[in-house]
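Colleague: Chains as they are written, first to last, in the numbering used here: chain A, 1 to 389; chain B, 390 to 657.
Hints are not guaranteed to be accurate.
[To be verified] Here are the simulated BS3-like cross-link-like pairs (lysine-lysine), alpha carbons at most 25 Å apart as the crow flies:
1. B/LYS578 <-> B/LYS481
2. B/LYS640 <-> A/LYS88
3. A/LYS312 <-> A/LYS88
4. A/LYS87 <-> B/LYS640
5. A/LYS241 <-> A/LYS382
6. A/LYS307 <-> A/LYS252
7. B/LYS636 <-> A/LYS252
8. A/LYS88 <-> A/LYS241
9. A/LYS88 <-> A/LYS307
10. B/LYS578 <-> B/LYS400
11. B/LYS636 <-> A/LYS382
12. A/LYS87 <-> A/LYS307
13. B/LYS515 <-> B/LYS412
14. B/LYS400 <-> B/LYS412
15. A/LYS88 <-> A/LYS382
16. A/LYS314 <-> A/LYS252
17. B/LYS636 <-> A/LYS88
18. A/LYS382 <-> A/LYS314
19. B/LYS640 <-> A/LYS382
20. B/LYS636 <-> A/LYS87
21. A/LYS252 <-> A/LYS312
If you're looking for bench data, these hints aren't it; they were derived computationally from the structure.
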Amino acid sequence: MTTLRSAFGEMKVAGRSFPVGTSIVVALAVLGLGVMIYRYLNGLGAISNLSDGRAWGLWISFDLYCGVALAAGGFTLAGAVYIFQRKKYYPVVRSAVLTAFLGYTLVILALLVDLGQPWYIWHAIIYWNPHSPLFEVALCVMTYTVVLALEFSPVVFERLNWRVPLRLIRAIQIPLVIAGIVLSTLHQSSLGTMAIMMPETLSPIWYTPILPLMFLITAIAVGPAMAIFESTLSSRAFGHKLSQDVLSGLGKVIPYILGAYLLVKIVDLVAAGEFGLVLSATPLAALWWVEVIVGVILPIILLSIPKIRQDKVKLFLSALLVVIGLIINRFAVSWLALAGRPGYTYTPHWMEFAVSVGLVAWAIIILMIANRYLPMHYHEGKWEVGDKS
Amino acid sequence: MSKGVLYDANKCIGCRACQVACKQWNELPAEDTVNSGSLENPPQLSAHTFTKIHFSEVEEDGDFHWIFAKRQCMHCEDPACAAACLVGALQKTEFGAVVYDDNKCIGCRYCMMACPFGIPTFEWDKRLPWIRKCTFCADRQSAGLEPACVTACPTGALKFGERDELIAEARERIAAHPDQYVDHIYGEKEVGGTSWLYLSPVPFEKLGFPTLSEHAVTINPGRAMSAVPVALIAVAALMSGTYWIIKRRNKMGEVPVEEQEEKEEVKR
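Pulled out of the complex, with its shape left as it was, chain A reads as follows:
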């Protein structure tokens, strides 16, 4: 990220010059776009190693499962600021909502690559199967993306000085935030519901009827972690000053949520009589321990220590552990612990990576532009355009 910072620094100084960090991001974004075009011309088989034996791969695990969960900063922060009225976190809410909006946009774009017939995506609106968890996912993705766009729109209206729409949005801000929380609750959990359709292929270490609840809890835990992660990076890259008090406050709530998760996770395994499975010497048991130690137990300990929370770098790294733990969890449930059909193997094609990385690169580019041209920087009680040093 120092490259990002220096990249941006140079950008500011040189005005028109295109430094290394930005160039790499732009190159990845363009490569991703190229692969996407290639996919539409030649079909899924041409750019992916997906097969009948492994019909979902990197895109579903990373872009959908992780993308949605990592966008949880949007509803957790909006909830903290507008519903629980913790005004202290006001300075990070805009970037959290923007990150969530970009995250959801990225999910939709990835799905447009992954779907066999993306031009029929609107069928989800007219042909309803209310029994399908994926139907719930589809409706939540669509409506919540609109809600996030509306939640973020005041930032754009402020910049453009459009007072009427600004007043309209401010008037429905609280209902919007509540709608966002409701949709997120449903959406985060529905990704877990999707996985419980596969009791015969998902390893019992992760399979549980309460997987939707587990997905919701982990999403709530990763929300503040993502806010720390992303605020730290953007404050470095874009030169925002952010009080450590705000970030450490976010870090303080994480151990409680992760503690609840750990408790539910272990009680659930013991109650199902499957705790022995994680004590066996199998790759999946090892994966479970990595998830629990790296993503749950370590952050609980680290973030309970005030000294660590007060240290920018240590807080950032602890939050990063939570994010890594969540990624391991989502990859396990949607791919690694999910048995494919016998006789097939799957390693993602480089073009699958190119699509996922390219989409993230696009999100970074938009974040950079937003931080440069939109009032994203909260300074002495006012939102300011980030482009000043």
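Use these hints to put chain B onto chain A, whose structure you have.
Modeller: Structure of chain B alone, referenced to chain A:
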């Protein structure tokens, strides 16, 4: 009034006439395959192969045996694919077939992931790909015909009929020759029952069939989905209540500074 097919591994001779008949009826192209050292061919079901005979090489009492098992969609009584499909492109019909409507499908492939038997396949090489799988010859059945594979079977290893009657007949066959069959009708109870039923001389896991629970895989997601409206209302009420209470408490105390500023900002 639900139809089924009873497959008897003791009667199958592995001729694969069913495979050929299926290809002919569904106008499916041949597949390029390589010699895998087995007479089983092609190695997997695919968008071009809705059914195939699986060859199991079993050694019993020092003797080598081939045991065959036809593979195709099992046409579950409570199909995971149909519950998974967000647009309802897959449906269980009352006469037994699980049918697919490509006018609805968006190609998400959740059906492929959800199917406990690993059946639905995808046209990976096509620009406009659809899901493909055995249709139970729903078109032939609606015209009063048997499925093409059943018609083609020369030994009577495949028998088409009412599912209930086929289960009764399977029981009779087991009772008549308990030495020749394992006492298990695969598909009678697996994942809540399937339209296709199997008899075998050896345990089904030896034929490569997955060992499945008697519960339909749709039960848990069904419960979770029925909790959605409750969760929706509960979370909305909880959040509205929390907002109202905290706002009121803040008003009783003092008005937060930021809020005032925000309002002024809008007025300006």
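Colleague: Next, verify each hint and record whether it holds.
Modeller: Each hint, compared with the structure:
1. Using a Cα cut-off of 25 Å, the hinted pair B/LYS578 and B/LYS481 holds, with the two alpha carbons roughly 17 Å apart.
2. Taken as a hint, the B/LYS640 and A/LYS88 pair is honoured in the structure, with Cα atoms around 17 Å apart against an allowance of 25 Å.
3. Simply put, A/LYS312 and A/LYS88 have alpha-carbon atoms about 17 Å apart, close enough for the 25 Å limit, and the pair holds.
4. Only pairs whose Cα atoms come within 25 Å are accepted, and A/LYS87 paired with B/LYS640 is accepted, the gap being roughly 14 Å.
5. Restraint check for A/LYS241 and A/LYS382: the C-alpha separation of about 13 Å stays at or below 25 Å, so the hint holds.
6. With a C-alpha separation of about 11 Å, the suggested pair A/LYS307 and A/LYS252 falls inside the 25 Å cut-off, and the hint holds.
7. Taking the CA atoms of B/LYS636 and A/LYS252, the gap is about 23 Å. The hint holds against a cut of 25 Å.
8. With a C-alpha separation of about 14 Å, the suggested pair A/LYS88 and A/LYS241 falls inside the 25 Å cut-off, and the hint holds.
9. Pair hint A/LYS88 plus A/LYS307 holds up; C-alpha atoms about 20 Å apart against a cutoff of 25 Å.
10. A C-alpha spacing of about 22 Å is found between B/LYS578 and B/LYS400, which places the hinted pair at or below 25 Å, so the restraint holds.
11. With a C-alpha separation of about 22 Å, the suggested pair B/LYS636 and A/LYS382 falls inside the 25 Å cut-off, and the hint holds.
12. Only pairs whose Cα atoms come within 25 Å are accepted, and A/LYS87 paired with A/LYS307 is accepted, the gap being roughly 23 Å.
13. For the hint linking B/LYS515 to B/LYS412, the alpha-carbon distance of about 19 Å falls within 25 Å, and the restraint holds.
14. Proposed proximity of B/LYS400 and B/LYS412 is supported: the alpha carbons are some 22 Å apart, at most 25 Å.
15. Taken as a hint, the A/LYS88 and A/LYS382 pair is honoured in the structure, with Cα atoms around 14 Å apart against an allowance of 25 Å.
16. A threshold of 25 Å between alpha carbons decides the hint, and for A/LYS314 with A/LYS252 the separation of about 13 Å falls inside it, so the pair holds.
17. For the given pair, B/LYS636 sits about 15 Å from A/LYS88 by alpha-carbon distance, which is consistent with the 25 Å threshold.
18. Restraint check for A/LYS382 and A/LYS314: the C-alpha separation of about 29 Å exceeds 25 Å, so the hint is violated.
19. Taken as a hint, the B/LYS640 and A/LYS382 pair is honoured in the structure, with Cα atoms around 23 Å apart against an allowance of 25 Å.
20. Between the alpha carbons of B/LYS636 and A/LYS87 the distance comes to roughly 12 Å, so the proposed pair stays at or under 25 Å and holds.
21. In summary, the hint linking A/LYS252 to A/LYS312 is supported, as the alpha carbons are separated by about 14 Å, within the 25 Å threshold.
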